[in-house]
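Since the structure of chain H is already known, use the hints to place chains G and E on it.
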Amino acid sequence: MDKYVEMIRMRFLMMLAYRTDYYTGILIYSINIGAYYFLWNAIYGEKSSIEGLTSIQMTTYVAIAWMARAFYFNNIDREIAAEIKEGKVAIELIRPYNYLGMKTMQGLGEGIFRFFFFSIPGMILVALIFPIQLPYNPVSWGYFGISLLLSFVINTQINLLTGITAFFFYNNAGLIRAKRVIIDLFSGLILPISFYPFWAQDIMKYLPFQGISYVPSMIFTNGFSGSEIVYALLQQSVWVLILLIPIRLLWTAAKKQLIIQGG
Amino acid sequence: MFYVTMFFQYMSQYMKTRLEYRADLIVEMISDFLNQAVNLVFILVVFGHTQFLSGWSRDEIIFIYGFFLIPFALFSSFFNIWDFNERYIVKGEMDRILTRPIHSLFQVILERMELESLFGVVTGLVIVVYAGSSLDLAINWYDPFLFILFAIGGALAYAAIFIAIASIGFWSDAKTSIMPMMYNIGNYGRYPVDIYNKVIRFLLTWVLPFAFVGVYPAAYFLGKKEWYAFSFATPLIGIIFFTLSIFIWNRGIRKYRGAGN
Amino acid sequence: MNNAIEVTQLRKEFKSYSSRTGLRGAFRDLLTRNYKIVPAVNDINFTVKQGEMVAYIGENGAGKSTTIKMLTGILEPTSGKLRVNGMNPHREREKFTRTIGVVFGQRSQLWWDIAVQESFRLLKKVYKVSDQQYDEHMGHVIKTLDIGPLLDKPVRKLSLGQRMRCELAAALIHNPPLLFLDEPTIGLDVLVKLKIREFLKEINEKYNTTILLTTHDLGDIEALCNRVVMLDEGKIVYDGELDSLKNNWAEQKEIHFQFMNHVNLSELKSLPLTFSAEWEYDEKDQTYIAYLKEEDENISQLISVVVSQFKIKDVKIHETSIEEIVRNIYEKGMN
Numbered sequence: 081m082d083k084y085v086e087m088i089r090m091r092f093l094m095m096l097a098y099r100t101d102y103y104t105g106i107l108i109y110s111i112n113i114g115a116y117y118f119l120w121n122a123i124y125g126e127k128s129s130i131e132g133l134t135s136i137q138m139t140t141y142v143a144i145a146w147m148a149r150a151f152y153f154n155n156i157d158r159e160i161a162a163e164i165k166e167g168k169v170a171i172e173l174i175r176p177y178n179y180l181g182m183k184t185m186q187g188l189g190e191g192i193f194r195f196f197f198f199s200i201p202g203m204i205l206v207a208l209i210f211p212i213q214l215p216y217n218p219v220s221w222g223y224f225g226i227s228l229l230l231s232f233v234i235n236t237q238i239n240l241l242t243g244i245t246a247f248f249f250y251n252n253a254g255l256i257r258a259k260r261v262i263i264d265l266f267s268g269l270i271l272p273i274s275f276y277p278f279w280a281q282d283i284m285k286y287l288p289f290q291g292i293s294y295v296p297s298m299i300f301t302n303g304f305s306g307s308e309i310v311y312a313l314l315q316q317s318v319w320v321l322i323l324l325i326p327i328r329l330l331w332t333a334a335k336k337q338l339i340i341q342g343g
Numbered sequence: 326m327f328y329v330t331m332f333f334q335y336m337s338q339y340m341k342t343r344l345e346y347r348a349d350l351i352v353e354m355i356s357d358f359l360n361q362a363v364n365l366v367f368i369l370v371v372f373g374h375t376q377f378l379s380g381w382s383r384d385e386i387i388f389i390y391g392f393f394l395i396p397f398a399l400f401s402s403f404f405n406i407w408d409f410n411e412r413y414i415v416k417g418e419m420d421r422i423l424t425r426p427i428h429s430l431f432q433v434i435l436e437r438m439e440l441e442s443l444f445g446v447v448t449g450l451v452i453v454v455y456a457g458s459s460l461d462l463a464i465n466w467y468d469p470f471l472f473i474l475f476a477i478g479g480a481l482a483y484a485a486i487f488i489a490i491a492s493i494g495f496w497s498d499a500k501t502s503i504m505p506m507m508y509n510i511g512n513y514g515r516y517p518v519d520i521y522n523k524v525i526r527f528l529l530t531w532v533l534p535f536a537f538v539g540v541y542p543a544a545y546f547l548g549k550k551e552w553y554a555f556s557f558a559t560p561l562i563g564i565i566f567f568t569l570s571i572f573i574w575n576r577g578i579r580k581y582r583g584a585g586n
Numbered sequence: 006m007n008n009a010i011e012v013t014q015l016r017k018e019f020k021s022y023s024s025r026t027g028l029r030g031a032f033r034d035l036l037t038r039n040y041k042i043v044p045a046v047n048d049i050n051f052t053v054k055q056g057e058m059v060a061y062i063g064e065n066g067a068g069k070s071t072t073i074k075m076l077t078g079i080l081e082p083t084s085g086k087l088r089v090n091g092m093n094p095h096r097e098r099e100k101f102t103r104t105i106g107v108v109f110g111q112r113s114q115l116w117w118d119i120a121v122q123e124s125f126r127l128l129k130k131v132y133k134v135s136d137q138q139y140d141e142h143m144g145h146v147i148k149t150l151d152i153g154p155l156l157d158k159p160v161r162k163l164s165l166g167q168r169m170r171c172e173l174a175a176a177l178i179h180n181p182p183l184l185f186l187d188e189p190t191i192g193l194d195v196l197v198k199l200k201i202r203e204f205l206k207e208i209n210e211k212y213n214t215t216i217l218l219t220t221h222d223l224g225d226i227e228a229l230c231n232r233v234v235m236l237d238e239g240k241i242v243y244d245g246e247l248d249s250l251k252n253n254w255a256e257q258k259e260i261h262f263q264f265m266n267h268v269n270l271s272e273l274k275s276l277p278l279t280f281s282a283e284w285e286y287d288e289k290d291q292t293y294i295a296y297l298k299e300e301d302e303n304i305s306q307l308i309s310v311v312v313s314q315f316k317i318k319d320v321k322i323h324e325t326s327i328e329e330i331v332r333n334i335y336e337k338g339m340n
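Protein chains in written order, with our numbering: chain H, 81 to 343; chain G, 326 to 586; chain E, 6 to 340.
Bear in mind the hints are in silico, worked out from the structure with no lab data behind them. Treat the hints with caution; some may be incorrect.
Claimed, not checked - Simulated crosslink set (EDC-like; lysine to aspartate or glutamate; CA at most 16 Å straight-line): (1) K83(H) with E345(G); (2) K341(G) with E81(E); (3) K162(E) with E353(G); (4) K580(G) with E123(E); (5) K341(G) with E18(E); (6) K580(G) with D48(E); (7) K259(H) with E345(G).
Unchecked claim - Partial list, computed: chain G residues near chain E (C-beta under 8 Å): (8) E345; (9) D420; (10) T424.
To be verified - Chain H regions said to be covered by chain G (calculated; three or more residues, Cβ under 8 Å): (11) 116-125; (12) 133-147; (13) 267-277; (14) 290-296.
Ideal Cβ placement from N, Cα and C applies to all residues, glycine included.
Chain H on its own, in the form it takes in the complex (with noise of 0.2 Å):
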């Protein structure tokens, strides 16, 4: 276990030396949410609720979406791809460590890093800005805090997956672009799924993205009620679990086709 809190330690400390992106990045992010925030109030109008969401509740569901998306976002899948390129990965293989797990620590060092130097200071400029809502019961910020570490494991299992992928294709970087596309559209980070048609919904229902963004971005904007709650953290909770499944078929696939291959 040591040497997993010493991965974590290790992508801290690269981070610190990279602080000022986190300020220019926060400015970026606030600017996205600005975009969205005006954008919204143009699309409320004279309307006072959409889909059970007041104007305040959706300019909160805007900051705390892209205010999430700093912690959980990780460029692992990018990473391993350029690690499998390289034929680093054949050496990381002999070392006494799951490669994988090591992977998911360094992206968790990453993501508290940012969690505490571009999530929170980011919010307190957002919330200075605009007209935002923050929960008042300490409930909400306990299932917020649960549901936002589930979504960190479901984004990074995917970018595992896809990351592994290199090993297969000679270029995996378009399936990586089409899969931050894809997160971006279906997990809610620039719409909540209850905006979607029905018939759009209905399939989103049975896909992991709505566990990143819309479940943590939806129970901090009170959108979710006591029962809603329980349900989409079990949700995200079972997804954790499925996604373990292809996971480990596509790892125990590439470790031969490494053999094979010679790394």
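Below, chains G and E without anything else, positioned relative to chain H:
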């Protein structure tokens, strides 16, 4: 004339290189297309809940987005210099550029062109034609010419902003993230400026003229008379800002410090 | 026009920033930054005649490449006068660069992904060279540098030596009267070095091409240049013939011996010689080093005496490097 010849020379060179990596090319075009599709889906879903956006209808907003894609595609094909600082100044590629007898900015543009982005023009045109026909827009004989003129004006305005920002690298080689920030601000130009507050509207018109890439020129074709003055200013704004940015670039070249100092 | 390069009181200053420590320091840096002005090239003067071959040498950071970059129009001088081929390199850059050829040893002029001849074809257009001129001139260049078989290969697949020969050919496409070479033989093997040197000599004789080169390789200079300009800390410390520089400063030769059997240092020191030589033992390499003045037949005398008395495993004559000469001058001062 020399510059036109050079353009085609570099272009044929570019095609040869790109065609060696055909799979990458297709993947890039698909992911560009996906990005455009996502923005369109956003508009479609949003208008499932409202009829108007500050007085603009769904098809009008779609038309603006379609128009925006065309100057944006022109811009991304030829002025995609977001990594200029990293690539040419920090790594010193500028040294090589400056030993050749062609204007330095023109060389950078020739080397960095990404013609596959031109596919966005097709997507844009399809969206414009679709939205235009469902709006029953009347077309005058001179409208296609104005369309081309406005699209080029918009592309020049967009390019000007990025050239000016790239030039900052000549004065300070500190790493800045202004470039990616600009891409995000650029997205504001895709929607009618009257949804923003006055400060942002002023900024998008006179400081970072992103509004001239989308909403202003498109307003003419949508028959929004109150915006005509801005629509017709598009080519002018494009030329003025572009000239200004070249001026900044030329001044910056004198401050170039060279690689490895 | 007689002078290819005229440099008067040329100066280039760089601002060097230092950042303050801590968070408070970072905020203060946002407003005003600490900097000092460092002259990389400090009021230098020299002229180069058409057809001369000049070596421009000095330690790293002495201001060599900054000078070259001003001479080629890449950098604008802070002050001073600069005429190269009768033009101001930076201000008349586009016209000026047609009259020079540049090879930077560390940086490729060629397009990485495409075949060498495609790069040549493009550069031919860039420099507006007619087909006739190209065939006549480049046919010869390609033959002499022996790069014909490489032309249809992409640059990334060439070895360093192959690439350098192609770089050199690329710089000569427009047959410029003035050629700048920045470390043209760095990292190359001996045969390629020889080929390049021979070729440069030939170009110089045939077209009266002026060549200015920076190098760390004394062999390059000995083979090509009569004249050496040496720079230290932005100032010219020597401008003259290579021979007198070497006679004055490369006074010592080192000869390294390795013996079959064990030899005592005192035995070596007491060898009968008509001049004085100092001996040292390098324990790490197990070599015995003799230091002596490079005069008359000192070297052959020493070697023959040693060979007659001991069984030798290996002998190396160590050439004084440019760095050592520079260090010598720096330590003892210029008189």
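Hint by hint, here is what the structure shows:
Distance hint between K83(H) and E345(G) is unfulfilled; the C-alpha atoms sit about 44 Å from each other, more than 16 Å. For the proposed pair K341(G) and E81(E), the alpha carbon gap of about 36 Å is over 16 Å, so the pair is violated. The suggested pairing of K162(E) with E353(G) is violated, with an alpha-carbon distance near 26 Å, which exceeds 16 Å. For a cut-off of 16 Å, the pair hint linking K580(G) to E123(E) is broken: about 33 Å separates their Cα positions.
Between K341(G) and E18(E) the alpha-carbon distance is near 43 Å, which puts this suggested pair outside the 16 Å criterion. Between K580(G) and D48(E) the CA atoms are separated by roughly 19 Å; this puts the pair beyond 16 Å, and the hint is violated. In summary, the hint linking K259(H) to E345(G) is not supported, as the alpha carbons are separated by about 25 Å, beyond the 16 Å threshold. Interface hint at E345(G): satisfied, since its Cβ lies 7 Å from the closest Cβ of chain E, which is below the 8 Å cut-off.
Proximity of D420(G) to chain E holds as hinted, the smallest CB-CB distance being about 5 Å (cut-off 8 Å). With its C-beta approaching chain E no nearer than about 5 Å, T424(G) sits inside the 8 Å limit, and its interface hint holds. Under the rule that three or more residues need a Cβ within less than 8 Å of chain G, the assignment of the segment 116-125 of chain H holds, with 7 such residues. Residues of the segment 133-147 of chain H lying with their CB closer than 8 Å to a CB of chain G number 0, which falls below the three-residue condition for coverage.
For the segment 267-277 of chain H, the proposed coverage by chain G is satisfied: 5 residues have a C-beta within less than 8 Å of a C-beta in that chain, meeting the threshold of three. Against chain G, the segment 290-296 of chain H contributes 0 residues with a C-beta closer than 8 Å to a partner C-beta. That does not satisfy the three-residue criterion, and the hint is violated.
In the structure shown, a violation is registered for the earlier hints numbered 1, 2, 3, 4, 5, 6, 7, 12, 14, in ascending order.
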